[in-house]
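**Q** Protein chains in written order, with my numbering: chain A, 1 to 268; chain B, 1 to 543; chain C, 1 to 529; chain D, 1 to 312.
In short, the hints are calculated from the structure, not lab data.
Heads up, a few of these hints could be off.
[Unchecked claim] Label pairs and their calculated CB-CB ranges:
(1) Leu93(A) / Glu249(C): 29 to 37 Å
(2) Ser439(C) / Leu291(D): 26 to 34 Å
(3) Pro42(A) / Thr216(D): 45 to 53 Å
(4) Val290(D) / Ala28(A): 43 to 51 Å
(5) Arg104(A) / Asp357(C): 42 to 50 Å
(6) Leu291(D) / Asp357(C): 18 to 26 Å
(7) Thr216(D) / Asp72(C): 22 to 30 Å
(8) Leu67(D) / Ser93(B): 25 to 33 Å
(9) Val4(A) / Gly56(C): 26 to 34 Å
(10) Leu93(A) / Ser439(C): 52 to 60 Å
(11) Ala283(C) / Ile154(D): 42 to 50 Å
[Unchecked claim] Not everything, but these chain B residues come out facing chain A in the computed CB check (under 8 Å):
(12) Thr100
(13) Asn269
(14) Ala395
Just so you know, even glycine gets a beta-carbon here, dropped at the ideal spot from N, CA and C.
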Amino acid sequence: MRHVGVVTAAAFLLLLVVAALFPRLLAAGDPTATDPLATFLPPDSAHLFGTDQLGRDVFTRVVHGARHSLAIGAAATVGGLLIAVVWGLLAALSGRFGDAVLMRVADALLALPGLLLALLVVLITGKGVVGATLAVAVGIAPGFARVVRAQALVVRRSGYVEAAIGLGVPRPLVVLRHVLPNTFGPLLVLATVTLGVSISTGAALSYLGLGAQPPTPEWGAMLTESQGFLHLAWWAALFPGLMLVLTVIAVTVAGRHAQNRSEGRYAS
Amino acid sequence: MPPSRAVLAAAVLIALAACGTQNTGGGGGGQAAKPATSGTLTHAVNEEPDCWDPHVSAQDVTSFLQRPVYDSLVYQTPDGALEPWLATKWEISPDSKAYTFTLREDVVFHDGAKLDAEAVKANFDHITAKETNSQYAAGLLGPYKGVSVVGPYQVKIEFDRPYVPFLQAASTTALGIASPATLKAGPDKLCAAGDGSVGSGPFKSGAYVRGQERTYTKNAAYDWAPKSAGHTGPARLDTLKVRFIGEEATRVGALTSGQVDTASAIPANQLGLLKADPNLQVLDKQVPGAVNAFYLNTKGALFSDVRVRQAFQRAIDIDTLVKSVFQGLYQRAWSPLSPTTPASYDASLENTWPPDPALAAKLLDEAGWTGRDAEGYRTKDGKRLTVVAPIYGEASTFSQAVQGDLKKSGIYLELLASTDAIEIGGRLDEGRYDVVELSWARGDGDILSHFFFSDQTSKNSGHNFAQVTDPQVDAWLTAAQTAQEPARRAAEYAKVQKWAIENAVVVPTYVDTQNLGASKKVRDLRLGISAHPEFYGAWVEAP
Amino acid sequence: MSLVEVADLNVRFAAGRVHAVRDASLRLEPGRCLALVGESGSGKSALARSLLGLAGPTATVTAGELRVAGQDARDFGPREWRRVRGRHIGLVSQDALVALDPLRPIGAEITESLLAHRTVPRSGARERVVGLLTRVGVPDPEERARQYVHQLSGGLRQRALIASAIAAGPGILIADEPTTALDAAVQARVLALLDELKQQGTGLLLISHDLAVVEALADEVAVMRHGVIVETGPAGRVLDDPRHAYTKELLAAVPGGRPRASRGRPPEGEPLLDVTGVVKRFAGRTAVAGVDFTLRPGETLGLVGESGSGKTTLARVVLGMARPDEGSVLLGGEPWSGVPERARRARRHTIQLVPQDPLSAVDPRWPVSRIVGEALAATGVPRAERAARTEVLLERVGLTADLLDRRPAALSGGQRQRVAIARALAPEPRLLVCDEPVSALDVSVQAQVLDLLRRLQEELGLATLFISHDLAVVREVCDRVMVMKDGVVVESGPVEDVFAGPVHPYTKSLLDAVPRRARTAREPAQERL
Amino acid sequence: MRGVLTRLVSAALVVWAAATCAFLVLQLIPGDPVYAVVGSDALVSEEQHERIRAEYGLDQPLVVQYLNYVARLATFRFGDSYQLQQPVATVLADQLWPTVQLALAATVLAPLLAVGVTVATSGRRNWPRRLSAAVELVVVSTPSFWLGIMLLTIFSFRLGWLPVSETGGVASLVLPTITLALPIAAVLTQVMREGLLAALDQPFAVTARARGVPETAVRYRHALRHSALPALTMAGWFTGTLLGGAVIVENVFARPGIGRITLQAVGDRDLPVVQGVVALSAVVFVAVSVLVDVLYAVVDPRLRRKTGVQAI
């Protein structure tokens, strides 16, 4: 049972990656090509998901949109992770004062809702794909940083790090050999689980008009565009949203699977 | 700058345009029984004023929503004629530099103060005071010199040079007359609506919840409506409520589900729905002033070449796009002015510059844009043919349709949409754009001055986004501001329109049209000159 | 009449894939105690739980006979089981801190037992709770009843747990490792309480891996291994004259049950480690309050004390992992404490740690070869020689080369500890600090590891600081012993002297509290003294 | 007493730090804020720009601006909104109630749903748990803006059961509350069920069963309370999601409120309002964490000594 779910999720993710890398394999058309004479066509054999208010093919846009939605989520997760690793490790390894300062900053940022933090970042960067990606990254970084720090502290006080120090292994080497990899492992799993959230948040920013801009076929942006025409073309809102939901589900299922596996590996 | 944000004003003299199928007066169906003199009407608008002080705000919606509270010296009828309101009469000096108004003596503000010459002077002083930071009203006064009290009920406004458009300006809400006591209350209070808004209008300002609703209550003492208002004495409605619903689908839903009685700015694609509903009626009116158009930055690197401008002008299949996006309900524009703009529209421009992609291609080839990149856009020296278009707010469906259409000609229209005034304002002031798309409603051909007079640059707080600096154009516009005879002004304005099209400094697209959805129970509601509803005479049939 | 009769009981888990208990038979009588003995995973608990119908939702229990309180329990549904639980059989499990609901006052927990079987009306419950607490020896019962588990001391909590188990007056009490989590002194008092209950007529099923505890209480003993009862009989007979090979092995492995290593003359020479006046404080608490001692090459010093006495902190100071607030540590005659890490690094290899929990002491991502290899590299063994040296080290600690590529998670507890020892030996240290090196291991494995440590000591002439709370272990491996309490050494001297004639009352109480094996261990020890 | 003082000081510190972060962040924004005051299509001269800059104190050195900012913050004044030309405090106060309404409704609904579903699916049988887990996964994975759009399409546009926009009545609160509460409830359910199942495996649960206590009583009397503990640790996340969710929900349903104002302020670069919102949400966060500490102590007696809450 469980395996059916994981396999389905993996297959779907694979399809998404194909859509993101080689969208033309799945939908040959131009996602931004408008056709004033073919607006609001319901789904049929010519337009699998129908057309939107500009006569663009929704299926083509959904397929090509995978690239943008996934890219924002993935880049933000990686970015957030990088910020967090530097931040958390600095805190864990820089003595009491540095630790206190860095963690108080994280506390202060954590006191703000992630979305608000993201909005603040968008204020600086301006809206657009890059801005939204950075915003999501910064939004998840403080939480990650705390995890990194906590994990790094656990590792730093662990028997094997003490043993290495006890063997006279130089400190930088200990950090490189033991602290970093053992901190990073659990974090990677966490990142997989977070990826779904990042994709979702990125799409939310686009939905709020702060991320990808029209005519980019990003799913969140497509939802905003179609919201005004719900009564005329429900399909233009249904399919991008559905893809978003399926993607997040697939990523979550895959992430949880990875989490279970890694916990199994480290625990027993 | 979408049309909704533009400021509406009106024409000085006669309304010329009678546009085919307009239905500007409401009443729906057969003769009404006796009009009710009580009741509540709820109206939905798409926008909410940031600041409610019409002397300060540049927003169209402020003018519209404060109209029930503030009266003006002059009233402009829906077809554009000017008639006495708070002023019983006026005299214009022969040199068109001085205007003397004689005021009604029976007008009482909501706070009990009486209208007199001092009150009017206080208003003009407030508008032009530096501290007011007026964003629009002061600009409407143009070459304003000063105001003086001539008698207890006589006041004189003077200008540095002839300024004929002033009389029409005096009819706008932006130059509405507030109770002088409230003008001293400070910007906070005036901006905040509620009890800060005290005028002499048929409705008093009532409860206000930002983001949600504003209430108006009947001014029972009202007895100074202009002659053509369609009604006399106090307003018929006891209460008027205005709800702020920005989301189009939601606004329409609120109307169809009966949550509101009327809703303005109904998008064209929703009109079919409303017209099919037996309980609803649709009022529409073409907005006067500058139509929705692209202004091409003639000082920019790209569009300083007239061939590229002409290519842009002829590449767009405007007819098809307007028909598609607006479901055949909007009229395609041929001139920068709306046909409903009184005494200025040049109808001879119609059909003179049809879409011609072949010509556009030829012109672009000549201009050196011969390369093609991977996405099919034209390039020159490896650089893509990109037309930067800053947009305040969101890119409209129409803008996107144009974007899609231009792609066919290898032109990339980059829509930079933002509500960030810092970014957009900076861009416009510094000339970092190729086109600006906007409409700017005003019932007077003088709107052309805002767009084409050489000193009306963005930096100088004007709207000369095409960056036109042509002495000939300036001369025509000055002549039009000086002449008092409508026909002479119309002739001057026609020259400007023709010049603008021929030099491809502007690409007019469609005539902005107000569509108002209303329950059939709403009676005697009419669209004013600004194409906004006038609630004074309206009433709602008992269910 | 028997209170419980079981014959041919089988317990299977995970759809039959795990056969936890095979064909077990036993009977419980009033006023008698049956002890189930075996190492962890032998099926003791599964057997005991199945008598309550609590073997778990995934368990399948079948039996030739299963009579509880005179009824055939084989076809019991949930309702029937409920009537038996608490009313006829009570359960006392290991650690009261988690075995009683931490979110409810203990009075409420005991009341729940009372009301579950309507033994008293609700109005009378309060009085009964006080009575029960008094009976199990809890002082100030009225006040204690309102307290939560975490507010009680270890002994009081366990008493409260017993009170809740006997509240509805069961004829049988299942005591599953009832004293394991307790310090020695408290352990003795709880055992006394259980004994008292037995005297009053309660039948006891005692589950324990600790033979000393078994000997103190049991009338009969059943020895379990891999789910099978391999030997059963009267306690005296089984413990004194074991017949099954496994029972013999088990008894032989018990520390203190084996002869002390005979040592040559006390070691001589310059002290390798010289600790003077070491004080270490943490946030206002003094963990180590002025300790002095020396350690010579070849000597084994035991460090004894209950948890929180400062043993581990002292060890960290000795290892150079913590900086003493006062005092000094000399290693090989040169300053070891209070010098920068840079200066210590070159000498670090001389002193190595054998940790308590080897799993957390090795990098979970690394295979054995790399774990040992790192230690070799740190002491400058060239890369080319490392593989060969690693194999030699593994052989020395009794491991085979086929484990080289295994990760720690894939090793058994004993194997992991051997790997940790191999790593400690790799840099050729002169001093080993063993911090509770066997307390995480099963008894039989304990014995093997202790043997290994002893052998290595002799072969390599290592000095050892041996930390343990287990007096039997210390007695077995150490030359000298120091007893620590609240950060202070209260008594020290040769092991024989201290154990035979403790001077300090605390040492006395520690020794008295150990439930010693009366018949096998005490006599030879006395003989030697 | 000392504990309370420490708490207050650390709370103030968090608020101050968050506000300072906001101030610094907003200094990084490129461009001239005067445009935010006057809008881009206003008829305003260069000279007027200068006066406005002085009016808002934007011509002063950064340090002075910061000190002014902190001083205003301490007295709960945030200056005037660029866009609305009203005191920020007034703007926020006006918008607070609709958001509070929404947040309260969701705060009530989400835990109720979570507890209900947890209890209903924690039984012996496996399939309700499976089903609920699948539903939770879908709900958690559904972005709230899409959920809102779909609910709106079905219940308001198609079926016409509920109003499409804010009417001030209770009916208009239904869909926004559901949109906001559903994903939160799904996460809480996951956490609570995990907690409940873990608690049921704990020794005290075995002890309770060994007393002859029925399974349902073990579940309600013992395990449920334990499952609340991990749920309480989610409080920070919960608050953040409520406030962040408000931004989205208020926009989807065209409701007034803090979220709407926030997005508008961000779009318009109305910095004083943004700073006000940041300070406000930091205060809310701190208040919630204090509240949660109290709740912790109510649920878990082991934590009572630290917070000074008396044992019951």
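**Q** I want to verify a distance hint. Is the separation of the beta carbons of valine 4(A) and glycine 56(C) within 26 to 34 Å?
**A** holds (27 Å)
**Q** When you take the CB atoms of valine 290(D) and alanine 28(A), is the distance between them in 43 to 51 Å?
**A** 59 Å Cβ-Cβ, so the 43 to 51 Å window is violated.
**Q** Return the status of the interface hint for threonine 100(B): holds when the least beta-carbon distance to chain A is below 8 Å, violated otherwise.
**A** violated (50 Å)
**Q** Could you tell me whether the CB distance from leucine 93(A) to serine 439(C) stays inside 52 to 60 Å?
**A** Violated - the Cβ-Cβ distance for leucine 93(A) and serine 439(C), about 31 Å, lies outside 52 to 60 Å.
**Q** Okay, leucine 93(A) versus glutamate 249(C) on CB: inside 29 to 37 Å?
**A** About 48 Å separates the Cβ atoms of leucine 93(A) and glutamate 249(C), which means 29 to 37 Å is violated.
**Q** For serine 439(C) and leucine 291(D), compare the CB-CB distance with the range 26 to 34 Å and indicate the outcome.
**A** violated (43 Å)
**Q** I want to verify a distance hint. Is the separation of the beta carbons of arginine 104(A) and aspartate 357(C) within 42 to 50 Å?
**A** violated (33 Å)
**Q** Against the range 45 to 53 Å, how does the distance between the Cβ atoms of proline 42(A) and threonine 216(D) compare: consistent or not?
**A** 52 Å Cβ-Cβ, so the 45 to 53 Å window holds.
**Q** Does the closest beta carbon of chain A sit nearer than 8 Å to the beta carbon of asparagine 269(B)?
**A** Holds - the Cβ of asparagine 269(B) comes within 8 Å of chain A, reaching about 6 Å at its closest.
**Q** Could one say that the CB atoms of leucine 291(D) and aspartate 357(C) fall in the range 18 to 26 Å?
**A** The hinted range 18 to 26 Å is violated for leucine 291(D) and aspartate 357(C), with Cβ atoms some 39 Å apart.
**Q** Is it true that alanine 283(C) and isoleucine 154(D) lie within 42 to 50 Å of each other by Cβ?
**A** violated (59 Å)
**Q** Do the beta carbons of leucine 67(D) and serine 93(B) sit within 25 to 33 Å of each other?
**A** Since the Cβ atoms of leucine 67(D) and serine 93(B) sit about 55 Å apart, the hinted range of 25 to 33 Å is violated.
Consistency with the previously given hints fails for numbers 1, 2, 4, 5, 6, 8, 10, 11 and 12, ordered from lowest to highest.
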